[in-house]
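Taking the hints into account, I'd like the entire structure generated from these sequences.
The chain contents come next:
Number of protein chains: 2
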Amino acid sequence: MEKTIHGRPYIETKKGPILTPCAPNGVLARLGDKWTILVMSILALDPARALRFSEIKNGIPDISQRMLTLTLRNLERDGLVTRHYFAEVPPRVEYELTPMGKTMLPALEGFTGWIRDNWQAIEQARQRFDRAGRS
Amino acid sequence: MEKTIHGRPYIETKKGPILTPCAPNGVLARLGDKWTILVMSILALDPARALRFSEIKNGIPDISQRMLTLTLRNLERDGLVTRHYFAEVPPRVEYELTPMGKTMLPALEGFTGWIRDNWQAIEQARQRFDRAGRS
DNA sequence: CCGCATCCCCGATGATACTG
DNA sequence: CAGTATCATCGGGGATGCGG
Numbered sequence: 001m002e003k004t005i006h007g008r009p010y011i012e013t014k015k016g017p018i019l020t021p022c023a024p025n026g027v028l029a030r031l032g033d034k035w036t037i038l039v040m041s042i043l044a045l046d047p048a049r050a051l052r053f054s055e056i057k058n059g060i061p062d063i064s065q066r067m068l069t070l071t072l073r074n075l076e077r078d079g080l081v082t083r084h085y086f087a088e089v090p091p092r093v094e095y096e097l098t099p100m101g102k103t104m105l106p107a108l109e110g111f112t113g114w115i116r117d118n119w120q121a122i123e124q125a126r127q128r129f130d131r132a133g134r135s
Numbered sequence: 001m002e003k004t005i006h007g008r009p010y011i012e013t014k015k016g017p018i019l020t021p022c023a024p025n026g027v028l029a030r031l032g033d034k035w036t037i038l039v040m041s042i043l044a045l046d047p048a049r050a051l052r053f054s055e056i057k058n059g060i061p062d063i064s065q066r067m068l069t070l071t072l073r074n075l076e077r078d079g080l081v082t083r084h085y086f087a088e089v090p091p092r093v094e095y096e097l098t099p100m101g102k103t104m105l106p107a108l109e110g111f112t113g114w115i116r117d118n119w120q121a122i123e124q125a126r127q128r129f130d131r132a133g134r135s
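First to last, the sequence lines map onto chains C and U. At position 131 of the first sequence the residue is numbered 131 (the UniProt record's numbering), and the sequence of numbers has no breaks. At position 75 of the second sequence the residue is numbered 75 (the UniProt record's numbering), and the sequence of numbers has no breaks.
Just so you know, these hints were derived from the structure itself, not from any lab. Any given hint could turn out to be false.
Remember, identical chains collapse to one label, so a pair may be satisfied in a single copy or spanning two.
Said to hold, decoys possible - Here are the simulated DSSO-like cross-link-like pairs (lysine-lysine), alpha carbons at most 30 angstroms apart as the crow flies: (1) Lys3 <-> Lys15; (2) Lys15 <-> Lys57; (3) Lys14 <-> Lys3; (4) Lys3 <-> Lys102; (5) Lys34 <-> Lys102.
It should be emphasised that the depicted structure is a prediction, and the values quoted were computed from it without experimental measurement.
Next up, the structure:
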């Protein structure tokens, strides 16, 4: 009886389908936050290479130290990024994608690729919509 | 000189790559909000069929009337959804995916498909991480 | 160099009540 | 039935300073 769309289970009723709240929603919300995709993109530039905290920070304009720390901590918690701490002076910390993190790249590529191909059309649609607004 | 990763332009410097802020970031932020993907998923169940406001609302547990209205308005503004108003009593309003909206489905499917295949591993990673925390 | 704690602001979201 | 208006709330995220 239970089917799925986009990984989300739903049930058919006489009044139509009803999406069932489930774990994937939470994962999607995490990945869709303000910085996660950008951090993943930076690490994806050369998936074989580990990057220092400061290299990542420099690569993402406007991200604060606090938000980068939080974002990396969440990615580490989710098993998508590994953290390597070197107890030197001054300390050095490197991050790299885990095997699971690397499997995400093609899926991410498909989604961001669509955006790359369509964001201009979206921009135009927005302008048309806004212009039509004040009649 | 300029390359792109995941649709985002970046520049190479001696200190490493730097992502350039650009429009796609805004589009991603919109799609990543709390309800947009869920609304798209409902409309994707049968892309050929238009759904009434109340049908969509019933299909998404816990969404408020206000947030559904706002989400649909944004999708309409972005050119991803069309709104059809029927001046009857009581009024009837139907929504359906635009052609551009439909082109988004495969990309979305790829991304949510990865989540479907990996969210359990992510859950486990989180539990491991949290358990390791309190030492 | 890297990360955490604290304070603070604002926008996203929700609850409720009211119109065409 | 669908949408709007208003008010309350909550958490993301920015700024700053300290600590290892």
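Next on the checklist: For lysine 14 and lysine 3, with the copy left unspecified, which applies at a CA distance of at most 30 angstroms: within, between, both, or neither?
Outcome noted: Close inside one copy (15 angstroms), not across copies (51 angstroms); limit 30 angstroms.
Checklist entry - Between lysine 3 and lysine 15, at a C-alpha cutoff of 30 angstroms, which is it: within one copy, between copies, both, or neither? => result within (16 angstroms within a copy, 49 angstroms between copies)
Next on the checklist: If the cut is 30 angstroms between Cα atoms, do lysine 15 and lysine 57 qualify within a copy, between copies, both or neither?
Outcome noted: between (50 angstroms within a copy, 11 angstroms between copies)
Next on the checklist: One pair to classify: lysine 3 and lysine 102, alpha carbons no more than 30 angstroms apart. Within, between, both, or neither?
Outcome noted: both (28 angstroms within a copy, 20 angstroms between copies)
Checklist entry - Quick one: lysine 34 to lysine 102, C-alpha cut-off 30 angstroms, is that within a copy, between copies, both, or neither? => result So lysine 34 and lysine 102 pass the 30 angstroms test inside a copy (20 angstroms) and across (25 angstroms) alike.
Against the hints set out earlier in the document, no violation occurs for any number.
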